[in-house]
Amino acid sequence: MKDPLSKVKTAMSDHTFKNLTFSKERKQGVKEAIREKKRHAGLASWSEETLISLLQSVKTEARDGYAISVILFQRHDRTFERKEGELYTLLHMLENKEILSASWKNDRKYYALTGKGKKYLAASQEKSTVQSPVLRKLIEEAAL
Amino acid sequence: MNEAEIEFDRIAGDSLEHREEIVDQLISTYGDRILHLAYTYVKNEATAEDLTQDVFIKCYEKLGQFNGRSSLKTWLYRVAANHFKDYLKSWHHRKLTLNEKVLSCIPTPDRNVEETVVAKDDEQQLADAVMALPVKYREVVFLHYYEELTITEISGVTGENISTLKTRLVRARQLLKEAISREGLE
Chain A
1 MKDPLSKVKT AMSDHTFKNL TFSKERKQGV KEAIREKKRH AGLASWSEET LISLLQSVKT
61 EARDGYAISV ILFQRHDRTF ERKEGELYTL LHMLENKEIL SASWKNDRKY YALTGKGKKY
121 LAASQEKSTV QSPVLRKLIE EAAL
Chain B
1 MNEAEIEFDR IAGDSLEHRE EIVDQLISTY GDRILHLAYT YVKNEATAED LTQDVFIKCY
61 EKLGQFNGRS SLKTWLYRVA ANHFKDYLKS WHHRKLTLNE KVLSCIPTPD RNVEETVVAK
121 DDEQQLADAV MALPVKYREV VFLHYYEELT ITEISGVTGE NISTLKTRLV RARQLLKEAI
181 SREGLE
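One line per chain: the protein sequences are A and B, in this order.
Residues in the first sequence are numbered consecutively from 1, following this note's numbering.
Residues in the second sequence are numbered consecutively from 1, following this note's numbering.
Hints may be right or wrong, so weigh each one.
Lysine-lysine pairs mimicking BS3-like chemistry, simulated, CA-CA at most 30 angstroms apart [as the list claims (entries may be wrong)]:
(1) A:K97 x B:K136
(2) A:K27 x B:K73
(3) B:K73 x A:K37
(4) A:K97 x B:K120
(5) B:K85 x A:K97
(6) A:K109 x A:K83
(7) B:K73 x B:K89
(8) B:K62 x B:K177
(9) B:K136 x B:K95
Keep in mind the hints are simulated off the structure, nothing from the lab.
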């Protein structure tokens, strides 16, 4: 005997899903939401060089946000000049992504490179950063 | 090659620009089908549309996690099925269905008349019977008979193992036959 369920496909498309299509308006809704997210990620677009400098600054020892900002400044990276808040946002994202670990000492938060962070740092230094901004993509992802 | 590199050597989600393109393609290829899948779970058009929108936005966010171990299609269906099942489990939905149940207990003579007067053809009967199945059977019937996925592919979507799914299909067929012959006798 023929499987009576062989008719399921036509039965469902003719009845259950009749007139049920993903409309233009709904598609547009998705597009707009994506555009919004992209704009948000755009705000978090620090350069690969800045990200590398930051990771390097905590490679050998844990440092607090202020010490990190001083090191970046010494390297002539002015990304966070007069917007230190952004540095803390970034540090927080890197902590969430487990690139950095944080510990409190004397009311200050000290950041250090994790094992994963070391791998990312090595990978981003190995390749030409222009071709493959490994860290920047990671941050974009975190900002979505 | 170290771990970090492997993670980023994958095709999808490499840049946000590329990601948007991929999502566009997914929508034009699978938009209707994901909507139908959603409807199979939630049985409400507006909710199904909302949830389908969510799924494609989720895809955009998660494309970076796609690891190429399954096909992109299987991955999309998995993201979708999980999202729809989460919705069914949600407090919001449970409250809604409880209200519906209460309402449906109040007799509405109109509907009864309509049901007896309009004779259902075989196809309508079958479609209704599928939609009346408990969700775990509905899911597997939709994926196997409507989407024509193999048991292995379904396992990739739902995460259940193959023997469980086979048993479920057998049971679903039984339930459907019973439902149809019951209606036929009436």
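These are the hints, each one checked on the structure:
Distance hint between A:K97 and B:K136 is unfulfilled; the C-alpha atoms sit about 36 angstroms from each other, more than 30 angstroms. Among the hinted pairs, A:K27 with B:K73 is consistent with the structure: their alpha-carbon atoms are about 18 angstroms apart, no more than 30 angstroms. Among the hinted pairs, B:K73 with A:K37 is consistent with the structure: their alpha-carbon atoms are about 23 angstroms apart, no more than 30 angstroms. For the hint linking A:K97 to B:K120, the alpha-carbon distance of about 56 angstroms lies beyond 30 angstroms, and the restraint is violated.
With a C-alpha separation of about 27 angstroms, the suggested pair B:K85 and A:K97 falls inside the 30 angstroms cut-off, and the hint holds. Proposed proximity of A:K109 and A:K83 is supported: the alpha carbons are some 18 angstroms apart, at most 30 angstroms. Taken as a hint, the B:K73 and B:K89 pair is honoured in the structure, with Cα atoms around 24 angstroms apart against an allowance of 30 angstroms. Taken as a hint, the B:K62 and B:K177 pair is broken in the structure, with Cα atoms around 40 angstroms apart against an allowance of 30 angstroms.
As the CA atoms of B:K136 and B:K95 are separated by approximately 20 angstroms, the hinted pair is consistent with the 30 angstroms bound.
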